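Starting from the structure of chain A, add chain B with the ligands where the hints point.
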Amino acid sequence: MTNEAIIKLEHVSKQLAMKDGGEEIVTTILPDISFDILRGDFTAITGPSGSGKTTLLYLMGGLDKPTSGRVILDDQEISSLKEEELAEMRNARLGFVYQFHFLLPEFSALENVMMPMLARGRSSLNQAKERASDLLDRLGLSDKVRNKPNQLSGGQQQRVAIARALANNPMVILADEPTGNLDSQSAEMIYDLFSELNRETRQTIVVVTHDEHFASKTKRILHILDGKLNSDRILE
Amino acid sequence: MLDKLRFILSIASRHLMGKKRQTALVVAGVAVGSMVMILTFGLAEGIIAEIENKIIDISPLITVKGERVRARQRLLLGSSPSSPNHYKIVSRIIPDEKKEVKPYTEVVSLVGSLPGIDAVSPFVATRGVLRYSTLSRPCFVKGVIPQREALIGKLRQNAVAGSLDELSYTKNGILLGDGLAKKIDVHYHDLVRFTGENGKAYNLTVVGTFASGFGAVDDNDAFVNLRLAQTINGLAENAVSAIGIHTASPAIVNRLASEISRLTGYKTETWEQANENLLSLFRRNNDITFFLVIFVFVVAGFGIANVLITIVLQKQRDIAVLKSMGVGTGTLEMTFLAEGIILGIAGAAIGCIAGHYLTSLISALPISYGPSAVVRGNHIVTVQKPAYYIVTTLFAVFVSAISGYAPAGRAARLKPVDVLRA
Ligand SMILES: Nc1ncnc2c1ncn2[C@@H]1O[C@H](COP(=O)(O)OP(=O)(O)OP(=O)(O)O)[C@@H](O)[C@H]1O
Ligand SMILES: [Mg+2]
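Taken in sequence, the protein lines are chains A and B.
The numbering of the first sequence is my numbering, which starts it at 1 and goes up by one.
The numbering of the second sequence is my numbering, which starts it at 1001 and goes up by one.
Quick caveat, the hints were computed from the structure, so don't treat them as lab data.
Not the full set, but computed from the structure, chain A residues with beta-carbon under 7 Å of chain B:
hint: 1; residue: LEU63
hint: 2; residue: ASP64
hint: 3; residue: ALA87
Below 25 Å or equal to it, Euclidean Cα-Cα: the simulated SDA-like pairs (lysine to any residue) are:
hint: 4; chain 1: A; residue 1: LYS129; chain 2: B; residue 2: ASP1003
hint: 5; chain 1: B; residue 1: LYS1019; chain 2: A; residue 2: ASN150
hint: 6; chain 1: A; residue 1: LYS82; chain 2: B; residue 2: GLY1328
hint: 7; chain 1: A; residue 1: LYS148; chain 2: B; residue 2: ARG1021
hint: 8; chain 1: A; residue 1: LYS82; chain 2: B; residue 2: ASP1418
hint: 9; chain 1: B; residue 1: LYS1183; chain 2: B; residue 2: SER1368
hint: 10; chain 1: B; residue 1: LYS1183; chain 2: B; residue 2: ALA1161
hint: 11; chain 1: B; residue 1: LYS1154; chain 2: B; residue 2: LEU1110
hint: 12; chain 1: A; residue 1: LYS129; chain 2: B; residue 2: THR1331
hint: 13; chain 1: B; residue 1: LYS1415; chain 2: A; residue 2: GLN99
hint: 14; chain 1: A; residue 1: LYS144; chain 2: B; residue 2: ARG1006
hint: 15; chain 1: B; residue 1: LYS1415; chain 2: A; residue 2: GLN15
hint: 16; chain 1: B; residue 1: LYS1183; chain 2: B; residue 2: ALA1216
hint: 17; chain 1: A; residue 1: LYS148; chain 2: B; residue 2: ARG1014
hint: 18; chain 1: B; residue 1: LYS1171; chain 2: B; residue 2: TYR1202
hint: 19; chain 1: B; residue 1: LYS1415; chain 2: A; residue 2: SER13
Anything over 10 Å on all C-beta distances counts as not near chain A; from chain B, calculated:
hint: 20; residue: GLU1052
hint: 21; residue: LEU1110
hint: 22; residue: ARG1127
hint: 23; residue: ASN1158
hint: 24; residue: VAL1160
hint: 25; residue: SER1368
None of these values were measured; they are calculated from a predicted model.
The beta carbon of each residue, even a glycine, is placed where N, CA and C say it ideally should be.
Excised from the complex, chain A in its bound form:
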């Protein structure tokens, strides 16, 4: 494993301007934050509610742009990329898992997982089908491929969402409280899955979590407080 940074945040700030009546109110969510995520790292981002964790994750994934500072993803500065280049980058190198599964309700589990592979014509229909069923198989969902999201349990839905994030074999997986809505047993299964992925495929994983137990299974914990890096702990 190299010590090369795959994600770099350099003096990143994020402010939001809101209109309240005629007045414009500017809220600072992130005043000034810098850190690196190394290739192959498994990092947890923790912190109280409203501290700016989700904001940070979206910035790292190029879904949002910083007010100032630089976000560098795989040696490319996000602000300098055109929308289409950014879309291409997200498709090829990033996998998102959200707090809620956000699966497309009209499509089966299998089709949902195939979606990122077909989105930019990365794979043929057959290749996509094959890889999607492999992934679902690996996540213990081989008998649920034809189910629509509403025919799956919460844990199953979240596993399908993880399979979808893994579809294009991304370098980085960004997960926002993936176990937030799950019972402890389902949550446990997902911790194990992430650990396994990081160990076996050396995929870089950044996971936002409230869950101390989950955080303790990662290699590094970034603790955020009021949009600032409060502590950065490397675990054994």
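Using the frame of chain A, we list chain B with the ligands on its own:
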């Protein structure tokens, strides 16, 4: 490319399938628009076709008129060409010149020798009042050589009572339009009194009536022998007011008309020019109807836009997720445009089929036009051409694409963060 299309269509079709009832309603709207358009095409073109057919049936395709194209120039005031300060005043119109073709037999034989000419019939047009007992009617009277006129206007086939041939051996005979005959209540072999423009009255025997189906003709026209009309108009025996011509096919009418004019020096008029007012009235009427049909489509377009906006609003989160996984702005835009176009094509397909059957049904109905109709008949004439279906489908697709444009743009501009955070 094909894969991308399949991707787009799979999402588009799932979205629409998720809104079956609304989709069905909108498709029905487009279908009604398309159906009405097909029907309108069929009826509007049907009316014109029927009028044109009737005109071709009963009137000459080309008329040689008693007006010279090459008038003899008459010098009114002249000066020597060497002094440029003087004008030369020339009249091309010779005031007292009668509107006549003279000697007409020359023109008839000249025209008759041209290839593509079927029939040539010289005639004298006049007007007068027809009276029978206490009833009287103004009418148009055409003096003709019956055998020749028969080849022009289907007069033989259109005869209701008596015949055209009887006119040829009845010197003071008159053949009346059936509407005209009814109005003055005369029958076969009645004696009517005709007062010409010259003020003289003639006693004429009704040798028959005809029904061309053209209201204006059947109510106002009558035929007499050429010689009688010449007498009424004070024309010489070798003069007629015009010559009617029938060509082998309507396609060569324009070419022949100018050729005849060039050869004879008389002005010619084609059946289209002669009936320009009537035809343009109907064409304008049709344009207005189409304008109204377009509004049906506009309403259908609003329906499409409404469904798509609902889908975009309901699917905001899905759109955001698709964007976050790298689905391009263009692809998303095309997805929603495709949804609009699917609605348009489905509606147009149903509408075209329904329009075809409705048009056929309407023309099969035994509906008769009243006696006041321009063209009389016992069913509604319609026309169906592949072009109508193509135009209708293209129009439906065009409207649906336009309607899908705004919702598609809205979907494409959506920022994933804004939706995923909410
Ligand atoms: N669209 C928005 N408009 C205004 N303020 C916002 C918006 N989104 C987030 N915020 C504010 O930014 C701050 C950080 O939000 P963020 O969602 O990043 O927190 P978080 O750490 O993920 O919290 P949680 O653990 O509850 O998910 C919060 O104070 C929130 O109120
Ligand atoms: Mg959050």
